[in-house]
Structure formats: C-alpha cells, structure tokens
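Engineer: Below are the chains, spelled out letter by letter.
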Amino acid sequence: MAESNRPLARLLFWLDRLTPALAFVVLLVVWEFSTRLFAIPSFLLPAPSRIVGDAFQVDAGIWLGHIQSTLRVALIGYAVSILIGIPLAIGLAKSRFLSRTLYPMLVVVQSTPIVAVAPIIVVTLGSGDMPRVVITFLITFFPIVVSTTTGLMATPPELIELSRSLRAGAFREVMQIRLPYALPYIFSALKISTTLAVIGAVVAEFVAAEKGLGFYIAFSTSFFKIPQAFAGLVCLVAISLILFRAVGYIQKRFVPWSLPKTER
Amino acid sequence: MQHSPVSIAFDGVGQVFTGNDGKPIQALADLSFSIRHHEFVSVLGPSGCGKSTLLRLTAGLILPSSGAVSVFGLTVTEPRDDVGIVFQSPTLLPWYNVLDNVTFPMRHKYGRVLAEDVARAQALLALVGLKDFAQKRVGELSGGMQQRVGIARALLLDPDILLMDEPFSALDALTRDEMSFELLRIWHERPKTVLFITHSIPEALLLSDRILVMSARPGRIAEEIVLPFERPRTMATLSDPRFTALANHIRHTLFHKPEAA
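In the order they appear, the protein sequences are chains A and B. Here the first sequence is numbered in the working numbering, starting from 1037 and rising by one per residue. Here the second sequence is numbered in the working numbering, starting from 57 and rising by one per residue.
Everything labelled a hint here was simulated from the structure, so no lab data went into it. Note that the structure is a prediction, hence the values are computed from the model and not measured. Beta carbons are placed, not taken as given, at the ideal position from N, Cα and C, and that holds for glycine. Misleading hints may appear alongside valid ones.
[As the list claims (entries may be wrong)] Pair by pair, the computed Cβ-Cβ distance ranges are:
| # | chain 1 | residue 1 | chain 2 | residue 2 | range |
| --- | --- | --- | --- | --- | --- |
| 1 | A | T1186 | B | F89 | 39 to 45 Å |
| 2 | B | R298 | A | P1296 | 46 to 52 Å |
| 3 | B | S121 | A | A1282 | 51 to 57 Å |
[Said to hold, decoys possible] Covered by chain A, according to a simulated footprint, are these stretches of chain B (three or more residues, beta-carbon under 8 Å):
| # | stretch |
| --- | --- |
| 4 | 112 to 118 |
| 5 | 145 to 153 |
| 6 | 164 to 176 |
Construct the entire structure; sequences and hints are all you get.
Structural biologist: Below is the structure:
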C-alpha cells in the first residue's frame, strides 16, 4: 500500500515545494497574454517579453553603471546605519539619561517623511554621494536602533546578575552577554534594513542624481520608455532580494544559534 | 561541626523595596541567623517570602535596608569572589558550547581563559557527570543537564560558598529527584557552605543539615529545624518515618501559623 503510493506522494511533495514558483510563472503568463489580448499599450503596462527585450537593447555597461551606483549608495548608507545604530542602541540601553534625551529626538526623526526631507538634504549637502548616503542612513537606521535596544534589554536578568556577581564591568557585560543576546533582534532589523537601504538610495536618486537605477527609472519614464523603467524596477527587486538573502546567509553561517530551531 | 567558624551571618537584616505603586514593601524584617562553615542550609518558604532577596543579599547583589550581612566576618558591600551562584534557570549562553559556558566566569572576569582553567572545567564536567558533553551546544542538552552545567560553572572559581536559588524548580519531578542526589554527591566530593533556596519540602529535608522555614510578607524565620538524618543520605532517608513526620510538621508551620499570628 505504502509502496504503491510513493510516486504520488513524491509528486505532491514537489508540487508543494514548487507552488510559489508556479504561481509566479502563472502570473507572468497571465500578464503576457492579457496585454496582448486587450492590446494594452506598452507605455501603460508593457508585457514581460517586451520588458526583457527592451532591457537587452540597452548596453550592459550602462546597466552595470546604474546598478553599481545604486548598490554603492545603498551599501554605504547601510554600513553607516549599523556603525552608528548599534553603538547608539548600547548607549540607549545602558544610560537612562541618553534614552530620556535622545530617544524622543529619534522618534521625531523617524516620524519625518524622509522622502519630503530629501530635497532639502540635497540642497544642504550638495551633489555627490554624501546627500544620498545620508538619506539612505536616515531611512535605515531607526529599525536597527530600536531592535538592538530591545534585544539588549531582553537579556535574562539572571545573566546580568551573574555578570555583576563576577564584577566583570559594564564593557564586558555588553560585549560578552548583552550584545550576543541581542543578535537575533539585530539580525531581524538588518534583514528589514536591506530593503530600506535600497529604497533610500532610490529616493535620493529621484531627487538629485545623474546615475543609478532610481535616476534611470525617472529618466526613462519622462521619455515614456516604460518597458525600460520596468526593467530598472526588476533590477531593484533583484538587488533587494539578494541583499536580504545575503544577510540571512551570514546569520545562518556565522550565528546559527540566533535562528529559531526550525530554520537552522 | 559545632566549633566550625561562621561562613554567613545575618544580623537584624531588613529589606524594603519600593513597589510599582510607589509604596514601600517590607520584604524581610529583622532577620538574624548564621551558617557554619560547610553547612548545608535550606531556606524554605512560600512564594514572596523574600527567599530570593535573602540570597541576593548574601551574594552582595543588593544591600540591606537595615542590619548587616557578613561573609567570613566581613560585611558584604559588593559581590565577592568566594561566592558562586546557581540560578533558577540555567541561564547558559547559547552561542558557546558546554565547556566554554563552564569557563565563562574566567573569560568574563579576567578576559582570558588559560589552559589550566580549561583543565579545571573539564574536571568539573566530569564531576557533574557531563564528561563527554564538553563540545556539545547547550541547546542540545536537557534541562537537567543544563543545570549540571550551571553547577559546574558556579564551581569554576572554587568558591567557599555556593548559593542556589531554587535550582531544580524548573525540572520535571523525576529529574528533580535525580538532581538532588547528584547535588549531595557533588557536595560530598567538594564540600562547600551551601545556602539553598527552595519551596520543596522533601528537597529541603533530603539535602540539608538545617532548614530555615520562612513566613511571608514580611519575611521572617518562622522556625528553624536541625535535621536528624545521618549522612550520606540515600533513598532510604526518604522512607525514614521521621522524614514524613518532619514534612507534616513543616507543612503545618507553613499553612497554619500565618493565620494564628
């Protein structure tokens, strides 16, 4: 009985695994055929085949230049967020004074729509990578600060008592107990922030840039080259996904204990 | 034993906390007792009687509101090196393996772990019955095994005094019994002054030389019981008629005296 069911079970197993990919393929097929069937003009909604075709009409070097520019701003902004966000979180977690003074300001900054501030930042900081990095930083750093602070405060009180009973000092308490304990929290923020970093870079490029995928999309749209704009969008999604997966891989590879048991 | 020096002494200790509503809460009131060198004393009482406060006062993690706590004749003003603590939950570090958890006090206190510390940790792991588990991740261990690691960690700096805060209360009943006998064996091999906090009457009876029975809010010593059972304690101790009689007596003290007072 079990023997005769095996091929069927295997088929169901693979169907289950491939369901997300299949759903995606079905969506593309429906998209392709409905644009043809209803003769939707390509400047309203280009067919997937048209997007791919137009994308290849653009020189690969140009694509790489835009991708590199966006990726550089996103990664620098992301790195700055981590380098400033984590020490800031330590300060907020350890000092009541800092959390009473700085935290309200951080909330105000977070409540400001960064997209609206972007043009002002560009005027203030001029051209170059600097304003773009700052905009990316402003969008990415808040989740990192909040998650890290939460993680630092979530350390079991008994471990803090162990540290105090050994009179190890505040520095070792943070470095050897609190910070490692916060890693699961930090990594979830780092994953969210990859997407935010790409958003930040694109917003900055919309406002002022002569390079990058955000600039390319805005530029293509203004000339009604919608299929190429869509191709730029596909690149952005790909970058976001790759960065997200890269952080996930680093977590799995170097700090597997910080993952829930089912994901190790 | 009668002439052994005093390890821990409480002299008129009171402890007042500020509650969430801002009102003071008297956790302990005028507590006086002393524990002799290498004596095993259990503090037994209901939840909220201040047993854990008593342990933290001894550890120097908190200071008394009134009176004085002294260890080896010196007033406790901060945590001391010669006191080891085993907590209610094992509180191991999941990013380290078992051995690194045991050597953690060295890494944390001095910033380095020497070969001799590793050797000492391995000897302690053998003592607590985890010789072959040194390289295991702590997540792979059962609750009882994790608490064995917690005991080994507390013994690493070779403290004279071991403070245990309901160390087996999170374990299932069978593991709990097993761990009690294990603790007796370990204590026999490495004699220490032990202050053992518990709310289990059989556990206190089996392990201790003396039991301090506490009443709730404010925490006071309701009764002091010196146990008559000879050592080493065995399974037979559990079926000693005096064991049952004392258990009943303590239950009576815990459940009836507060109403009479």
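Engineer: List in ascending order the numbers of the hints, as given earlier, that are violated by the structure.
Structural biologist: none
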